[in-house]
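Please build the complete structure, drawing on both the sequences and the hints.
These protein sequences, in sequence, are chains A and B. Sequential numbering from 99 applies to the first sequence in this note's numbering. Sequential numbering from 3 applies to the second sequence in this note's numbering.
By construction, these hints were calculated from the structure, which means they are not laboratory data. All C-beta atoms in this analysis are idealised placements derived from N, C-alpha and C, irrespective of residue type, glycine included. Misleading hints may appear alongside valid ones.
[Said to hold, decoys possible] A short list of chain A residues far from chain B (calculated; beta carbon distances all over 10 Å):
id, residue
1, S118
2, Q127
3, Y172
4, L189
5, H290
6, R297
7, D313
8, E337
9, Q377
10, M459
[Stated by the list, open to error] As a list, the in silico BS3-like pairs of lysine-lysine whose alpha-carbon atoms are at most 30 Å apart:
id, chain 1, residue 1, chain 2, residue 2
11, A, K441, A, K236
12, B, K158, A, K153
13, B, K158, B, K88
14, A, K264, A, K463
15, A, K153, B, K95
16, B, K50, B, K88
17, A, K441, A, K153
18, A, K153, A, K236
19, A, K369, B, K88
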Amino acid sequence: MKPVPHEPPRDHMFLNMGPSHPAMHGIIQIHLELDGETIVGSQVEIGYLHRGFEKTCENRTYTQVIPYTDRLNYVSPLINEVGFCLAVEKLFGLNVTRRCQYIRVLMSEISRITDHLTCIGASAMELGAVSAFLYLIKARETLYDLIEEVSGARVMPNYIRVGGLKSDLPEGFEERTRLAMGEVRSVLDETHRLLTRNRIFVDRLSGLGVISAEDAVSHGFTGPCLRSTGIGYDVRQAEPYLVYDRLDFDVPVGETGDNYDRYLVRMEEMKQSLRIIEQCLAQMPQGPYQVDLDGREMTPSEVIEGMKAKPPLQPIRQARIRLSPDLEGTEKRSVQDVVADDKTVVFPPKEDTYGNIEGLMQHFKLVMYGHGIRPPRGEVYQAVEGGNGELGFYLVSDGTDLPYRLRCRGPCFHLMSGLSTMIEGETVADVVPTFGSINMIGGELDR
Amino acid sequence: MSSSPTPELLDKLAERLGSHLLRRDAFRGEATVVVAPQAWLETCRFLKEDPELAFGLLVDLTVVDLQALGGSPRFELVAHLYSIRKRHRIRLKTPVPEDQAQVPSLTPLWKNANWLEREAWDMFGVRFLGHPELRRILLYPEFEGHPLRRDYPLRKRQPLVAERDVEEPRSMVSEPVRYPVDPRFKTFGV
Chain A
99 MKPVPHEPPR DHMFLNMGPS HPAMHGIIQI HLELDGETIV GSQVEIGYLH RGFEKTCENR
159 TYTQVIPYTD RLNYVSPLIN EVGFCLAVEK LFGLNVTRRC QYIRVLMSEI SRITDHLTCI
219 GASAMELGAV SAFLYLIKAR ETLYDLIEEV SGARVMPNYI RVGGLKSDLP EGFEERTRLA
279 MGEVRSVLDE THRLLTRNRI FVDRLSGLGV ISAEDAVSHG FTGPCLRSTG IGYDVRQAEP
339 YLVYDRLDFD VPVGETGDNY DRYLVRMEEM KQSLRIIEQC LAQMPQGPYQ VDLDGREMTP
399 SEVIEGMKAK PPLQPIRQAR IRLSPDLEGT EKRSVQDVVA DDKTVVFPPK EDTYGNIEGL
459 MQHFKLVMYG HGIRPPRGEV YQAVEGGNGE LGFYLVSDGT DLPYRLRCRG PCFHLMSGLS
519 TMIEGETVAD VVPTFGSINM IGGELDR
Chain B
3 MSSSPTPELL DKLAERLGSH LLRRDAFRGE ATVVVAPQAW LETCRFLKED PELAFGLLVD
63 LTVVDLQALG GSPRFELVAH LYSIRKRHRI RLKTPVPEDQ AQVPSLTPLW KNANWLEREA
123 WDMFGVRFLG HPELRRILLY PEFEGHPLRR DYPLRKRQPL VAERDVEEPR SMVSEPVRYP
183 VDPRFKTFGV
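As structure tokens, this is what we get:
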């Protein structure tokens, strides 16, 4: 709201909520003007977590940007990586393998569930439902275990690569995912029993933080917050990327655009994400199987020696080898099915890097300063459906190894611009659930 | 898959713009339209209100500094628009010279333009005419320079800021508003 300098009415009180306040996840400040307990005016101040993401990325190579994108929305980092890598691939006009597309969708949906679990858990906790928070975070932990198994890290996976993935899924991943899905499903049922018809919880949410569909669109809302107003815009359905057009899922919408609708939309979206994950597991094509050399594991040096033979021993080319544990997941069998066939973009498997001059050169060309991935000149905008809404990357390339301009369109920025509309006319206590239901993520808001 | 508007719709837009249309191109299936700065607001209004185009969502608004590319004029204002109803997307650009970095504000059309334009001012120093309160959003008021300009050094340090005086709070409402009492309080007899 526009501040108009004039004498405030004598009975109005001014209150600063934040920047360090337990209910302001991250750091954000809301100036409130109160009439009794009712908010008559408010102003949201952001930027406390600004770290110059876009400036930094303009001085990093494309590959170096990927771990930075993890720090945008840090509760669903894999979606950020997918969005960025898709944008770079669009610049190249590059297609990744079908298996890789399925794995990316799978990981995005796991991330979406962790995002929604965190949002609902945190806002339930702020309303006093600490046990619901603990159940939800327990479920999130099982998903973090899956992500850790695949990428090596729980929160900052750095798993997606331009043109592919860091490595294929580990053995037995499918069964473990099914188990984890069962666990998440039972936690969701439990949460429904704990919260959905809980009198205290419903009273604190329903009819509050209302935003009309027109206002929501005008404020640039996307994601669950837009869908809670009844507009079923979801990037996954409106502009299907990867393999979302091959998957069957529903986009839940609300009716009134209040906090309770946002809660319900998120709960239903998690169920739909579970459906997507199960379909991914069922449809995912298996890559060609590796031939084992008499079932015997070989040392890297043996393989390298075999490669040097003229002509190279064919069985050895496809043999399974065990590299140093540090390099696990970078062997040929872990990457051959999930990376694109484009040597100017994807890293060679480690056997090649250490085994032959072509691999070494390819690695060198991608890693060394001044070389790197070089998309053609041009500009693209790629949107993906993040946890909170449309996450877009606008990339301008000048043909060098550094992005000329990288703009991140985070959904939170737009959601926060609408916060004032949502809280005015309500009481101070209602700021907490309304703010919680927006699921503001500081890393993405302030970049 | 990004979906650009149909060629007929783009032709219709071009016809409407006339000489204000500076360039039109497509790359990787994305349509870009460059308009003259004086037609910026009107083009956006047309794109938003025309029933066939119906670009209701201002997805993003940002600036590209073309200095290192040798572009002239220096800045380019870039808006991404999306139509939820028609499911198409367009990129709209306008050149902004450095010496008179001023464009009409889009705040009459979209509410999120307020914050997006504040960010563009904060990061690039592009001014928006008719913006209700054009002040920094991510950085603090005493910050010197505009960091996303290409000539702003990556590791530049900012001077320390003196302690600010405590300002008297100013009312944020133009006239006293009385919201109805929350019905839940009635149960407590208030």
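Hint by hint, here is what the structure shows:
1. S118: S118/A clear of chain B: closest Cβ-Cβ about 16 Å, beyond 10 Å.
2. Q127: Its Cβ never comes within 10 Å of chain B, the nearest being 12 Å, so this holds.
3. Y172: 18 Å, holds
4. L189: 7 Å, violated
5. H290: Given a closest Cβ separation of 24 Å, the condition holds.
6. R297: 12 Å, holds
7. D313: 7 Å, violated
8. E337: 6 Å, violated
9. Q377: Holds, because the least Cβ-Cβ distance between Q377/A and chain B comes to about 20 Å, which exceeds 10 Å.
10. M459: 29 Å, holds
11. K441/A with K236/A: Violated: K441/A and K236/A sit about 42 Å apart, past 30 Å.
12. K158/B with K153/A: With a Cα-Cα distance of about 12 Å, the restraint between K158/B and K153/A holds, given a limit of 30 Å.
13. K158/B with K88/B: The hint is violated at about 45 Å.
14. K264/A with K463/A: 18 Å, holds
15. K153/A with K95/B: It holds: about 21 Å lies between the C-alpha atoms, which stays within 30 Å.
16. K50/B with K88/B: The hint holds at about 12 Å.
17. K441/A with K153/A: Measuring from Cα to Cα gives roughly 28 Å; hence the hint holds.
18. K153/A with K236/A: 37 Å, violated
19. K369/A with K88/B: 28 Å, holds
Going through the hint list in order, the structure does not satisfy hints 4, 7, 8, 11, 13, 18.
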